[in-house]
Every structure is written in C-alpha cells, then in structure tokens.
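Visitor: Take a look at the letters that make up each chain.
There are 2 protein chains.
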Amino acid sequence: MDCAESLLRTALASGVDVCFANAGTSEMPLVTAFDAVPGIRPILCLFEGGCTGAADGYARMTGRPAMTLLHGGPGFANASANLHNARRARSAMINLIGDQPSWHRPFDPLLNSDIEAIAGWSSAWLRRTGSPDEVATDFAQAAEVASEPPGRIATLILPLDALWAEAAGPANAREPRRPDGVSRDAVVKTAKALHASGASALLLRGAALQEAGLRAAARVQAATGCRLLCDTFVPRIDKGAGLPRVERVPYFPEDGVAALAELQDLVLIGTSDPVAFFGYPGQPSTFAPKTCRQHLLARPEEDGRAALDALADELGASKEPPAPTPAALPPRPSGALSAEAIGAAVAHALPENAIIADEAITCSATAYAATAGARPHSHLIVSGGAIGWGFPGATGAAIACPERPVIALQADGSGMYTLQSLWTQAREGLNVTTVVYANNTYEIIKVELARAGIDNPGPQTSSLADFRDRPLDWVSLAQGHGVPGVRVETAEDLMREIGRAVAEPGPHLIEARF
Amino acid sequence: MDCAESLLRTALASGVDVCFANAGTSEMPLVTAFDAVPGIRPILCLFEGGCTGAADGYARMTGRPAMTLLHGGPGFANASANLHNARRARSAMINLIGDQPSWHRPFDPLLNSDIEAIAGWSSAWLRRTGSPDEVATDFAQAAEVASEPPGRIATLILPLDALWAEAAGPANAREPRRPDGVSRDAVVKTAKALHASGASALLLRGAALQEAGLRAAARVQAATGCRLLCDTFVPRIDKGAGLPRVERVPYFPEDGVAALAELQDLVLIGTSDPVAFFGYPGQPSTFAPKTCRQHLLARPEEDGRAALDALADELGASKEPPAPTPAALPPRPSGALSAEAIGAAVAHALPENAIIADEAITCSATAYAATAGARPHSHLIVSGGAIGWGFPGATGAAIACPERPVIALQADGSGMYTLQSLWTQAREGLNVTTVVYANNTYEIIKVELARAGIDNPGPQTSSLADFRDRPLDWVSLAQGHGVPGVRVETAEDLMREIGRAVAEPGPHLIEARF
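So the protein lines, in turn, are chains A and B. Taking my numbering, the leading residue of the first sequence gets 3, the next gets one more, and so forth. Taking my numbering, the leading residue of the second sequence gets 3, the next gets one more, and so forth.
By construction, these hints were calculated from the structure, which means they are not laboratory data. Any given hint could be a false lead.
[As the list claims (entries may be wrong)] Here are some chain B residues pointing at chain A (derived, C-beta under 10 Å):
hint, residue
1, Pro40
2, Glu50
3, Thr234
4, Gly386
5, Cys403
6, Gly482
7, Phe516
[Claimed, not checked] Only part of the chain A face toward chain B is listed, based on derived beta-carbon distances under 10 Å:
hint, residue
8, Asp19
9, Val33
10, Ser385
11, Val449
12, Pro507
[What the hints assert, rightly or not] In the SDA-like style, the derived pairs of lysine to any residue whose C-alpha atoms are separated by at most 25 Å in a straight line are:
hint, chain 1, residue 1, chain 2, residue 2
13, A, Lys448, B, Glu430
14, B, Lys448, A, Arg107
15, A, Lys292, B, Pro103
16, A, Lys292, B, Pro108
17, B, Lys448, A, Glu430
18, B, Lys292, A, Pro103
19, A, Lys448, A, Phe279
20, A, Lys448, B, Trp166
21, B, Lys448, A, Ala167
22, A, Lys448, A, Pro473
23, B, Lys448, A, Pro103
24, B, Lys448, A, Pro111
25, B, Lys448, A, Ile42
26, A, Lys448, B, Ala38
27, B, Lys448, A, Ala38
28, B, Lys448, A, Gly484
29, B, Lys448, A, Phe279
30, B, Lys292, A, Trp105
31, A, Lys448, B, Arg107
32, B, Lys448, A, Met3
33, A, Lys448, A, Glu491
34, B, Lys448, B, Trp166
Backbone N, C-alpha and C define an ideal beta-carbon position, used for all residues, glycine too.
One chain only, chain A, in its complex shape (with noise of 0.2 Å):
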C-alpha cells in the first residue's frame, strides 16, 4: 500500500467517501489509488472552481465534507473564488493538493507556486506533509478540523514523493465533534429579554434553519411574537408551505435599515449582526439601530437547534407551536418573463422535497419571496458573494442528496463563471434542472447605477453592463456539456417545461430569456 491509498483508506474510515477532482501529474497517486479503495467515489469536475463549489453544496445538504482534489497552486487559485464562498457558509471541506517531490521543488519548477499563500487566506486548517509517515496521519487531522462544527476548510499539501512512498497503513479515524451546547445563563437571559422586548427578532442560522430548528423557532415566535430572521446570504434554509416563515434581511443598507428599524432586541443564533455587503455613501455599514439589544444564544459553533429548544422551554412555551400562517403562492404568472414572473413559476412548478440553489443574484429575492408558499424545500444560496457557485453548488447539493430534485436558479452572468458543472452533472446523471435568468445583462451593475443616477450610462459603460448586443444561446452551451436545453419566453412554456424536466431523470437547462 502506497501512502495515496493509505489516505484514501484513513478518509474511508473518516465517513468522507466523494472527492470532487480535478486532478494532474502531481496527483497521479492519489488517481490510481481511488482503484485500490472501493467505496470512495470521484467525481471529476471539469474546472477546479467546480470541485469547491460542489463540495460546498454536498456540505450544506450533508453537514459532511467531501474531498477535494486539486492540481497545484494554480489549480487551488482556480477554486478559490468558491473557497471564499465555502468559508462564509462554513462548510465542511477537506481540499488536497498535489504538489512537486520535495527534492525537486528547490529548482523552482515552472509549476512551482506559493501554495501556502494561495491556500492560507480561505483555509482553517493548512499543513504540507512532511513526510510518508504523516501523510494518513494528517489526513485524519485534516477530517477532524473540518467536520468541527458547523464545518471548517482543511487543506493538505502533498508533495508527490510523500504519496508514492510505501505506508505503514491507514491512520486511526477520529470521532467527527458534535457541536457544544449552549450554556443555561445564555438560554435564561435570552429569555427575559424577549420577555420584556417590545420588538424582538430572531436572527437564525445553520441548524436553526433546518425543520426543528425551525419548529423550535416558531415555538419562541409564538410565546413571544417575536419575529424570525435569516441572513441575506444564508448557507441553506428549509421552507415552503407547513414550515415557519422567514423573513430575509435585505440586501441594500436602506432597505436593511427599514427591515431593522423597530427592533428592541436582537437574538443571534449561530450568526452575527447584519452588515452591509458593500459600503455606500452616507449609508450605515451595519443595519440595526443603534438602540437595539443584541443577545447571542448560540455561536456558529454551538448547537443552534437545542439553544432554540431550551429557550422555548425556559419561555414556557406550547411544545406544538399553532401551524404557521401559510405563505401563499404568488397568483400563477402568464405571458412574457420578469424576474417576478419566473419567481412565480418556479414557485408554482416546484416539486415536493426539493432543493433550490439559488444564484439568482438580483432576482434572488423575488424568487425567495414567491416560494414561500410552495412545496416544502431546503433553500442554498450563494453564501459569500463570489459569483460562480451556482452550476457547482447545484451539482454538489444533487451528489448529497440524489432522491431529491434540484432546481437551479442561475444568473447568466454569474452561471458563465464556472458552467463547466453541468458537463458533471450530465455525466453523472444528476437531476438538477437548471433555470437560467437570461437577461443579457449584469443587472447589479445596472442597479448600482440607478442608484449612483446615472439613468443613461454612456456607451463604454453599458458594454461592461450588459453583453445584450450578443445574447448567449444557452441552450447551445448546455448541449456543448451534455445537457439537453429548451429556451422559453413565456411563464406557461417556462412551468411546463419546469415538469417535464423533473419527470425525466438526468439534468436539463432551461434558458428564460426576457
């Protein structure tokens, strides 16, 4: 047994089973080895951004790691931008990079790159093995500090003459932490000030988030008729009709500001307060007033769900919160497309269980808005604002979760970041419907215009806003990958084509065009 095998057999042992790969000369051990370790699984992705991407979306639906297999510095720079992304929802991940035989490398080979600085700024966890003997060892360390919860990026440089080498054998798998309880002065304090808040909210994250989180955040909301909250950029969150409502907090500072304005109180649970994704003059960076209490129950490391739990207790609320109001569906849209109007369909069409990854950028709200009343979903969104997370996200969450639909909600603008995922989900077969807002146009760029007043950009300006002069034919570049594709127009051709896609296995795109 090489040392290639005896890491795959330690992460076998370590419950990490798919490794998104990308894989060159540097890694050629670690290729051959996946032959010698049944029940370990690579996916080959055709670009590393979509290696980061997809196990970002594995961890989000798994609350696992996968494995990453990338080529080099300059392979592990094309993941980062999903890296970035990964860290701000984090996700558990455990990235492994092949690098020159240490003896070579002093000659500063053509490949040769500052992997530590590459890898170091989105990383938890960094290490270069140092030797054979480290290589299963490290490898267990590595899972250990990524499945810490909520879930955290290890990063393994393996210099090749490390791999090749023979090995003892695997290294002893390590029990995965489950995340620390809340303490009871925590939970007691927190429950008197909703007490005595006029205005209170809870600001939800992680697993509060999930179905009993969920339940138990309702049980709070009805003792205390505070009111449920979740980032704007939240990792994943469970929603649709049976489940409690939350509200989104905005993304520009004034509409955040508004959303915020009456609050007394402020409860975090797993997440902290609201800043503004980007600065703008005379705006405020954060947007709670400033006379608003915050009270943090629970870290992203603790355990949202059980703090949730316990403080319904502590407010002796009904342990069956009344059903939530239902949100109801948006009226059934028709004729030409909008971001409301595919937001509708997609709402209308969604089928049961679904998992909605959402990198409909600008349209994102709409579309978060008008399926709160559909089928019940888990809802990902691109967490870090590094565009290029949803074609790999989407296949990341459909390798979780293959009983489950995918439904991708994609800019165009940020879906020509890292297309290459749909050749992945066609050869793997994975039934993710992809719905592409194919406006032509980076509508943020637009919007920030808008709001600069500049109505009438001059030339120069529109063509690096828009790229409507030259439509891409996305149908064209989802059968380039694989998949089979259909442009619609209109919100009756766009449901049905919603349904047919699902009804059939394998992945389909659908360009919206409007």
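Since the structure of chain A is already known, use the hints to place chain B on it.
Guide: Frame of chain A, contents of chain B only:
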C-alpha cells in the same frame, strides 16, 4: 473629475489604453470613467481568468502592459492561474481591483477577503491606495513598474471611497525604462567560451527570439556552429520559413537530458538553466550535464538582442549569415486525424504572418515541429504550466495585432478552463481561428500512467483521465458563445476549414475530433 477618471487619464498618458474587464460594484467609478476618457478601450471578459490571460497575450505581442479590472479578492483569485503564467512569461500587466470603502471594510462584509494574500504571490508590485490623492500617482508607479523590461505584474487595490473622491488631476506619466545593456565583459567572455567550445548552444528567450534577435543568433551560429535552443514553454518565438530554426528543449527529463547530453557550453540569453517540469523518481531535476559550463550573457531584464549582435561582432561573424536551411513542411496529411496530422494540417494551412497561440499541451511538440517550415509566424506557448491560457491568450494577441490572423491550438481539457473568452472574441470580432484537439482525454495523465507502468488503468482512474464516455460538443460550445463552429474528422477537412475560417472575418472554432 473623480479619482477614477484621473486614473484612466494617467493610464492614457502612460500609453496604457486597453483594459480587460470584469467589474462589479466595487469598481463602479472606473466603469463609468471609461466614458469620460476616450481612447481607452474596455473589453468585457465573462470570467476573470479571461482578463489576465488576454493581458498576457497582449503583452507578449506588444511588449506593453494592458490593464485588467477585477472584482475584489475572489475576482482576483479567479484571475490568478493566468497571472501565474504571465509571471513566468515575464509579461507586463497592471491589475486594478476595487475594494470596499475603507470605512466599511473593518466590518468584514461578506465579500471581504485578504486581497493582499490573494494578489501578493503573483504580483511583483502590490499597493493598496491609501487616500484619494494617491490614486493617480499610484497608477503612474504601477505603470512604470509593469513596464520594467521585460515586463512585470503590478497590482493596485483601490478602495471605493478613493475612487469616487474628487481628484486634482491625472499624474505625470513616466517614461518606460529601456532594457539594460549587457556588459562588455560578458560579451567577451562568452565569445571566448564559444570559440573554445567543442559543443555549444545558445538558450534564447525574450527579444532574442524575435526576428532581429534570431538573425543575430544565426550570425553567432554561423561563426561558431553552436546550436540554438529555446525553453519548452517559451512565451513567444518568431519562426517559420526564412527564419533561423530553434530547437525546443523537450518536456520530460529523459528527453531533456538526452537533448543536452553532449553540450560543453550553454549560453543563457534572457533565461536560466532548464529545469524539469515535474520531478520523477530516479530522474535529475536539471537537464544540462554537470560538465557543461554555463555562461550568462544576458539576464531577462537586459537587452538580449543587442547582446547577440555584440557577441556576433566580437566573434567576427559575417553581418549577413547564410540563409538558414529551410525546414521542410511535413507531408501533406490525409485521412483520419491524430496529433501529428493536426500539426501537419495547421502547418500547411497556416496563413502568412499568423500568430499561433499554443495550448495544445501534449500535442504541442508535434505542432511546434510541424510548423517550423510553415509561413513565418509568431508562436506563443502557455508559459507557466497553468492550463486555461489558450482562449484568453489568443484573444489578447488578436487585440494586440488586429492585422494578423491568430490560430489557436487548443487542447480540449485545458480549453474547458476559460472557454468564456470565445464570447469576447465574438463580441470584438477578432480574427481567431481555434483548432480544438478534441480527443476528450487528459492525455498527460495517460502518458504519466504509461510512464508509471500502468497500461490498463482501473475504472476510477480512467474516469479521471478521460471523458470519452461523455464527449464534449465543441461546435455547440462555440455557438453558445456566438462563435461559428464546425467539426472535422479528416486532415483534408481540417485544412479546408482553416482556410475558410481565415478567409472570413471574426472568430471561428474547428473541433478536430480524434
């Protein structure tokens, strides 16, 4: 005039008039400033790797920096693999990154990242502008640094509040430095060594590989019998009928060692001792024999062309060396395609004065050899081993030299990294004809497997080594980006389609399936 405009006016005064851009909110003042500063051409790329790859291709053909405009740390990360290539190619480039307003950044907004870490490793010069009155002067310095011969990467981080502030005016442009001359001593010593040598070679790079440099090298060759060599991954070499032939150092150590085995003296002009791309068990890291004396005639920042002229004069070489032995074109290929047949077809069909942008990877050596006797052309090769340079590099070369046809030789695996540049080719109407080597295989992995004695890899290994089970449809991929595409399976069809594509304005893609 705001500071963004003052920056662009400084750029124009510095001779920097092209900007490959993919902007977001933190770059808005620069986006709108393009309309205030006529003469600077913003070129939209749909992915940041396309920006830096294009700037690299542009610099290789002009010797001057283009700007790139990148969105925050993640945008820079996406651009980094091609910065690795540009750094290794010693290409001039100025990267502009917008960032949060300085007063908002301490709140660590979601898109915030460690830009200094992300950009530092690939940049020769990196600065975060501290205040509005530094915007223009910082740019002037970035332009000066980037233009230092042969070229460097300068990166400027621009907080939004500095960009949108009122400016006093543009900064003074600085005169670009000319390359240093080499010392008389180095010329005399090298001449003596070549005189005395039983087997010598010049290893050429930079200006030494353009026509005037090559003519000077040919004079030295005529006077001494030395060989002319270039690096495996040479950024640019002018070659073809009528030009002196230069042997490319082979890729694998055993071949590189064999190629240099007899050398007694190796003269380095603008480059350094050949190092193996990867280290292999039992193989040396460098190619030249231990007994070979090395002579540094010109460092990369020195004037290699003038050094060769001085060396030729010192050797008493004829001013007019005999015409180089013409390289034969390979036999006109016919029938089914192979790497060799594609190279031969390109050689026969290559138009006059073309630029070859070569990311053919494992197929590059055959294409390089086959085109040695083709019509005169410039041959650009991905220079740092980070794949994803081909489409962008071809795009930048076409922007640099609109009067020259660009023939891009593109491996399919690496082509999938940055194919978004096809769209830029379409929008800008660039005369780029891409030939995709469509074997649906990461051939380098198969070669490495064979070298490791693995002739029948298992199914998991194979799934990471090729994608022949789900071949890419390059005709559709091209069409999706607005580029007409055609698939060919014979050499005759390939030659005919290259001819057709070159005769018709705008980009074309030919999928050469084999």
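Visitor: Is Lys448 of chain A close enough to Pro473 of chain A, meaning Cα to Cα at most 25 Å?
Guide: Distance ~17 Å between Lys448 of chain A and Pro473 of chain A Cα, so the pair holds.
Visitor: If you draw a straight line from the CA of Lys292 of chain A to the CA of Pro108 of chain B, is it 25 Å or shorter?
Guide: holds, 18 Å
Visitor: Regarding the hint that Val449 of chain A lies at the interface with chain B, is the smallest CB-CB distance below 10 Å?
Guide: holds, 9 Å
Visitor: Using the nearest Cβ pair, does Pro507 of chain A come within less than 10 Å of chain B?
Guide: violated, 15 Å
Visitor: Is the straight-line distance between the alpha-carbon of Lys292 of chain B and that of Trp105 of chain A 25 Å or less?
Guide: holds, 18 Å
Visitor: Would you mind confirming whether the straight-line C-alpha gap from Lys448 of chain A to Glu491 of chain A stays at or under 25 Å?
Guide: The hint holds at about 22 Å.
Visitor: Is it true that the CA of Lys448 of chain B sits at most 25 Å from the CA of Glu430 of chain A?
Guide: holds, 22 Å
Visitor: Quick check on Pro40 of chain B please, does its C-beta sit within 10 Å of some C-beta on chain A?
Guide: holds, 9 Å
Visitor: Does the interface hint hold: is Gly482 of chain B within less than 10 Å of chain A, judged Cβ to Cβ?
Guide: At about 3 Å, which falls below the 10 Å cut-off, the nearest Cβ of chain A leaves the hint on Gly482 of chain B intact, so it holds.
Visitor: Hey, Lys292 of chain B versus Pro103 of chain A, does the alpha-carbon distance stay inside 25 Å?
Guide: Satisfied, since the Cα-Cα distance of roughly 21 Å is no more than 25 Å.
Visitor: Would the hint linking Lys448 of chain A and Arg107 of chain B be met if the CA-CA limit is 25 Å?
Guide: holds, 23 Å
Visitor: With 10 Å as the cut and Cβ atoms as the points, is Val33 of chain A at the interface with chain B?
Guide: holds, 5 Å
The structure fails hints 5, 7, 8, 12, 29, 34 (numbered hints given earlier, in ascending order).
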